[in-house]
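Asks: With chain A held as given, fit chain B onto it using these hints.
Chains A and B are the protein sequences, given in the same order. Oh and the first sequence: position 76 is 95 in this note's numbering, straight run, nothing missing. Oh and the second sequence: position 303 is 306 in this note's numbering, straight run, nothing missing.
Among the hints, erroneous ones may be present.
Chain B regions said to be covered by chain A (calculated; three or more residues, Cβ under 8 Å) [stated by the list, open to error]: (1) 359 to 369; (2) 610 to 622; (3) 658 to 669; (4) 682 to 692.
Honestly, the hints are just simulated from the structure, not real lab data. Just so you know, even glycine gets a beta-carbon here, dropped at the ideal spot from N, CA and C.
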Amino acid sequence: MADVQLQEFESKQFIVFSLGEERFGIDSLKITTIDRMKTITRVPKTPPYIKGVINLRGDIIPVMDLRLKFNLPVAEETEETRIIILKLEEVSIGVIVDQVLQTIQLTGDSIESAASLMNSTIADYILGIGKVDGEIVTLLNFDKLVKI
Amino acid sequence: MDMSQYLQIFIEEAKEHVQSLNECLLQIEKDPEDKDVLNEIFRVAHTLKGMAGTMGYTKMTKLTHDMENVLHAIRNDEIKVTSDLVDVLFKCLDALENYVNSVVNTGGEGDKEYKNVIDALNEILANKGTVKTPEKTRSAEKPAQPVNEDKYLTAQMQLDEFEKNAVNKAKDMGINALKITLVLNSGCLLKSARAFILFQTLERYGEIIKSQPSVQDIEDEKFDNEFTVIVVSKENEQLFEKELNSIAEVDEVVISTLDKFDTDSSSAASEADKPVVEAKASETVQETQKHVTEHQESPKPSANNAPKKTQRTVRVDIDRLDVLMNLVGELIITKTRLEGTDITEKPQEYHETLEYLERITTNLNDAVMKVRMVPVETVFNRFPRMIRDIAKDLGKEIELKMSGEETELDRTVIDEIGDPLIHLLRNSCDHGLESTEKRKELGKPEVGRINLTAYQSGNNVLIEVEDDGAGINIEKIKNKAVENGIITREAANSMTQQDAIELLFRPSFSTADKITGLSGRGVGLDVVKTKIEQLGGTVEVETQSGKGSKFIIKLPLTLAIYQALLVNVGGEKYAIPLGSIYQIYNWSAEDVKTVQGQEVILLRNMVVPITRLADSLEVPNREEQANQKQLKIVIVRKGEKLTGLVVDSVIGQQEIVIKSLGKLLTGIKYLAGATILGDGNVALIVDVNSIT
Chain A
20 MADVQLQEFE SKQFIVFSLG EERFGIDSLK ITTIDRMKTI TRVPKTPPYI KGVINLRGDI
80 IPVMDLRLKF NLPVAEETEE TRIIILKLEE VSIGVIVDQV LQTIQLTGDS IESAASLMNS
140 TIADYILGIG KVDGEIVTLL NFDKLVKI
Chain B
4 MDMSQYLQIF IEEAKEHVQS LNECLLQIEK DPEDKDVLNE IFRVAHTLKG MAGTMGYTKM
64 TKLTHDMENV LHAIRNDEIK VTSDLVDVLF KCLDALENYV NSVVNTGGEG DKEYKNVIDA
124 LNEILANKGT VKTPEKTRSA EKPAQPVNED KYLTAQMQLD EFEKNAVNKA KDMGINALKI
184 TLVLNSGCLL KSARAFILFQ TLERYGEIIK SQPSVQDIED EKFDNEFTVI VVSKENEQLF
244 EKELNSIAEV DEVVISTLDK FDTDSSSAAS EADKPVVEAK ASETVQETQK HVTEHQESPK
304 PSANNAPKKT QRTVRVDIDR LDVLMNLVGE LIITKTRLEG TDITEKPQEY HETLEYLERI
364 TTNLNDAVMK VRMVPVETVF NRFPRMIRDI AKDLGKEIEL KMSGEETELD RTVIDEIGDP
424 LIHLLRNSCD HGLESTEKRK ELGKPEVGRI NLTAYQSGNN VLIEVEDDGA GINIEKIKNK
484 AVENGIITRE AANSMTQQDA IELLFRPSFS TADKITGLSG RGVGLDVVKT KIEQLGGTVE
544 VETQSGKGSK FIIKLPLTLA IYQALLVNVG GEKYAIPLGS IYQIYNWSAE DVKTVQGQEV
604 ILLRNMVVPI TRLADSLEVP NREEQANQKQ LKIVIVRKGE KLTGLVVDSV IGQQEIVIKS
664 LGKLLTGIKY LAGATILGDG NVALIVDVNS IT
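So that you can see chain A by itself, here it is in the shape it has in the complex (with noise of 0.2 Å):
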């Protein structure tokens, strides 16, 4: 499956984020906008992960805890928090995560499928594993975080 997914593109533009020690990567296409962390409002009756909603820009955005969602431990929200918000088949959904790193370009054959990784928590969201200058990115797929 994500072997399939991973012909798909050429080169590919990655915003690399951390959650704790790991780092991940976005497909940068499907981001709108980095934002520092706001006020969320908490919305009762759904599960712990959903922070809440923001106000962005008039739009009401639901917003999630990838670290609630990826079964990490809380953190402390520090200068450094931001809100990746995402443009997922016509849903929009913030993440927060600790930091914003950078942005990597990534050709196909710098990306390693991750099947050895299945039965983490987080596989159904894994695309695969890139690697840049010796150092390891998760890359992502959240189109499946919109099915909560």
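Replies: Leaving out everything else, chain B in the frame of chain A:
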């Protein structure tokens, strides 16, 4: 002098005047002695005449002038106001409306003279008030009207060889070939649906071999008010004339018989086709028909190609415009301030200004949305006249009560909601309400009542059409459905009432025993349903045998604005729609009683259940509330019942714009949406109806 710059103003004002004439005429019919209303009518007619004269619309001026003469005579007590006279005046209004519509569409008043209306007016003057019955006038004018089909664009159709052959073949077999031009009433709604009925009627008696414009274009409503068809049929033209004229909203039927075409020039070509042509005439005809539909090659008359010039406008409350102006003013000031602030020297001030800018733009967004909101009144105000006419047609006495006209909806929704409502109202008049005699027999008030109500609930606008008629006959629907083969008898027997009602919304389903001008052709409820669903809404039906039925249209209001009460619950802010609030109480905590685990209070001897919002909404950090001596309770209406919502404090009333929570978070219990507060933060809106 170029008048085009005043055209828009003319249209706006003329429409307004026609509407106010409509209202005044309804009033004068009820109370013929009311001089104030009469003066008002006179004044409006006079203004219209002046306006039309200035714009150079001579036919309109003539009509209003003659109208004025009659009104003048009424004012001088020379003529008495009678129902027939009001009928004639209403006809004048229709004519005026047609003129205005013609101006909207083409920029000119058109060629129609409405001679019959003017004659009727002059006759009233001459006979001092006695009006010929409309039937007489109609039959008298009919032969006088020249059957000049050249005036209809679509009548000038050309047939290709194949179609000519089909006509010739039919002629050879002694079958009539007719060219029929059908002109729909200019006020006809859902023209394509009406055309569909006409086509069905035509096909019952014959085969259509050509249509101009093409069937596809007619289905897509890409035609003016007329179309022409060539029909081959064993029946004669008298039958067609009678059948077609009996269909509502058809203004004119022009039928001419086609002679054999001279096809000598193409005889060689048709020779090759001989085996086909020699087949049964009806088969050929069917093929021809297919051929026409498939290729749609009939040339369209130029009038249909011209895009409609209609300018869509919104009338805006001046206060709302002021808000908009102020916001734009502030926007410019803030922009200047931003330009003058050095980010390195005063970062604090820079960021503050930026934030302020964001707030202004959000408010600006809201203000623009508010400008788009229009009260449903603009749709509702044409209904009293419509109901009057229908009541006259049906010989029933009907009273229309409207409420909630001030409820606001987005302009785009307002534009679409008219047709479905007309269908529902007609439905109520015709199917719902019993005849006057029947009502007398049943001991009901003779005057049938229809209530048209609009109101807001949660993030929906509800429009209800309720009548006190016979209710929906479930058995009759089932029988009809079985008869038509839609369902089996077994399925019908096991059907619930609600499922049976759903059958009504099927295309071409009708329970009417006889076809009237209003209903019985199965066009209606399915159209209503489709339209409402297009707007993202739903239609529900409640019915009680013998007591009446109620159609409830529910429209989402993603753009709607309404008054809400902002409250604090724990550390969070929530909005409660003001419309559903009954009262706000300070209640001593000791007076809360428990009935079967449910907390209740006694409010003037009524047992009212209470809900602690903090619990329902799972608000964190809420231990304080448990120790409170005083409870702030917002009593809300939940359907017919009352419920108390316990909140921490009340912030105040505010106008809010409802926003959807988005696809990801739809259908969350207790919430009707969200709104953005003045500080840019989001507050959630409580759905009073679902909270427990």
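Asks: A separate judgement is required for each hint: does it hold in the structure or not?
Replies: Comparing the hints with the structure gives:
1. 359 to 369: Contact hint for the region 359 to 369 of chain B vs chain A: holds, 5 residues under 8 Å.
2. 610 to 622: holds (count 4)
3. 658 to 669: holds (count 7)
4. 682 to 692: holds (count 5)
When each numbered hint is compared with the structure, no violation occurs for any of them.
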